[in-house]
Amino acid sequence: MVAIPQSTFKIQHAFIPPLIAFILAVGSWEVLVRGLGIPLYLLPAPSQVVATFLERPAYLLGIGVATFSNALVGSLIGCSLGCLVAAVCVRWPLVADGLVPLAVAASAVPIIALSPLLGIWLGSISPASKVAVVVVMTFFPTLVNVYRGLISPRADTLMLMHSYAASQRDIFLKLRTPAALPFLFNALRICATLSMIGAVVAEFFGGPQNALGVYIKTEAGILHTSEAWSAILVACLFGLLFYLAIVLVERRALRWK
Amino acid sequence: MSAPMIEFDRVSKIYQSGGGPVNALHDVSLSIAAGEFIALIGPSGCGKSTLMRLVGDLEQPSAGGLRVRGKTAHQARLDRDYGIVFQSPVLYEWRSIRKNVELPLEIMGQPGPQRHARASELLRLVGLSDFGDAYPHQLSGGMQQRAAIARALSFEPAILLMDEPFGALDEITRERMQLELLSIWDGGPQRTTVIFVTHSIPEAVFLADRVVVMSPRPGRVERLVTVDLPRPRSFETREDPRFFALVTEVREGLREH
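Order-wise, the sequence lines are chains F and D. Just so we're aligned, residue 1 is where the first sequence starts under the numbering used here, counting upward by one. Just so we're aligned, residue 1 is where the second sequence starts under the numbering used here, counting upward by one.
Because the hints were derived from the structure by calculation, they are not lab data. Some clues are possibly wrong.
[What the hints assert, rightly or not] Ranges between beta-carbon positions, derived for each pair:
no. : chain 1 : residue 1 : chain 2 : residue 2 : range
1   : D       : VAL22     : F       : ARG189    : 43 to 51 Å
2   : D       : GLN138    : F       : LEU42     : 32 to 40 Å
3   : D       : VAL22     : F       : ALA155    : 15 to 23 Å
4   : F       : LEU254    : D       : GLU156    : 40 to 48 Å
Keep in mind it's a predicted model, so treat the numbers as computed, not measured. Just so you know, even glycine gets a beta-carbon here, dropped at the ideal spot from N, CA and C.
Construct all of the structure, not just a fragment, from the sequences and the given hints.
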C-alpha cells in the first residue's frame, strides 16, 4: 500500500466535498432548466452562461477589472481608516465609548442604501462615488473588529508588560498589534465580500458604461438574461479571488496558529 | 546585617468594591533579606497575591511604607528589579518560545545577538533547548511554565515574584518543577530573592527559607515559620521527619485564626 502524505490527504479532504456539492448544484441547474424547458430570458442554463461569457471574455473581464479596482481601492481606504480610528479608540477610551457603539450599529445597517446619495454628492458617473460606497461599507466592520482585537489582551498579559516598565509604544507594537492580527484578517475577509457587493450595487445607480453593475442592469433590462449572468459570473470570480488572496496572506501571517 | 531587600512597614490595602471597602491587607510588617526564598501561604482572600503585587508595583498600598531595594516599589519597577511568573504562563502565542524568552530583553533594548545568546542559555537552563522554535500551544503546561520562568530570569532581576506558578500543574510535574526551580535558584552566582505565593503547604515548606502564614479578612501575617531544612533540597527532603514537623507547624498556623 502506498502511504498518503498527511498534508495531501487533508487538502483533498477539504476540497473534495465542496467540489462535489458544486458540481451537483450546477448539474441539477443545467438538467432542470433543460428538462423543464425554462425559457432563456427567465433563467439560462449554466452552459449557456459560460458560452455567453466565452463570446467576449476580454470585454467582460475588462469591465470586471474596472469594478474590482473600485472595490480594491475602496476597501484599502476603508480598512486603513478603520485600523487608524481603532488605534485612536484604544489610545483615547473616551473616543471609543462614543464611537464604537455607533460603528457596531453602522455595521448592522444596509449602508448600500446610501449609494444613490453618494452618487448625488460625488457624481453618479464618476468612480469616486463607487469607491466611496465601498469605503463606507468596509470602514465600520474593520473599525469594530480591529478595535476588539486591540483590546483583546487579557489583564495578565498587560501586567507582564507593566512589570517590564514597557512604554505605551512597546505595548501597542509588541502586544496589542499582534493580538489584533487575527481580528484584522477576519475583518478583511468580511470586507473582501462586502467591497465587491458595494462596488457592483453602487453601479446599479449609474456609472460608466464599462462596469459590471451597469452592464448587468442594462442587459437585464432588455431581458438579455444570459449576458447579465455572464457578468455575475465575472463578479463572483473577482470576489472569490479577492477572498482567496486574503486567506493566503492570512495563512502566512498567522503561521503560529 | 545588611539592609533588607524588601521591607513592609505596617502596610494596608483596602479595595473599594460595590459592597463597601474590603480590607485585603491589614498592618503587614515583614522584612525580607537579599537572597531569601519566601513562601506566602494562606486561604483564598488572605491577600497573599496582593502582597506580592505590591512589591511589583502592580498595585499600590493604601497605607504604610514599602521599600524595595531601598527604593519605592514604583522606582524598583522602573529599574526592572523584579521578574514575575503568573499562575498561567502568559506566553505571547504569536511568538516562538525563544522570542517569548527574549521579550523583556527586547523591551529593555538589548541588541539582537546578545538576546539570542542569553535566550539559548536560559532555554538550556530550563531544559527547553530543543523547543526554541516551537510556538506556545505546541508545548505542555509544564513546559510552558518553564518558558515563563526562563523569561522572568532573562534579564537577571534581583527579585523573582511567583504567583502560584505551579498551581495549574499535576502533582508529579509539580514536584519535578519545584526541584528544578531550586536547582536554578541555587545554581547561580548570586541567589535571587524569591517571593513565592502558593496554596500548597508541602510546596511552601519544601521551597522556602521562611514561610509566611497569612489569615484572611483582613489579610494579616499570622505566623512566620523558619524552615531549617538543609540545602540543596532533594526528593529525600520530603521524607525527612523535620519536613513533616514543619508542614504540621504551617498547617496549625493556618488553622489558628
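Next item on the list: Starting from the hint 15 to 23 Å, judge whether the C-beta atoms of VAL22(D) and ALA155(F) obey it.
Entry: holds, 18 Å
Next item on the list: Take the C-beta atom of VAL22(D) and the C-beta atom of ARG189(F), compute their distance, and say whether it sits inside 43 to 51 Å.
Entry: holds, 45 Å
Checklist line | Pairwise beta carbon distance, LEU254(F) to GLU156(D), judged against the given window 40 to 48 Å | finding: Violated: the Cβ-Cβ distance is about 33 Å, outside 40 to 48 Å.
Notebook entry, point to check: Taking 32 to 40 Å as the hint, is the beta-carbon distance of GLN138(D) and LEU42(F) inside that range?
Noted result: Roughly 56 Å apart at Cβ, these two residues miss the hinted range, so it is violated.
Checked against the numbered hints given earlier, the structure breaks hints 2 and 4 and satisfies all the rest.
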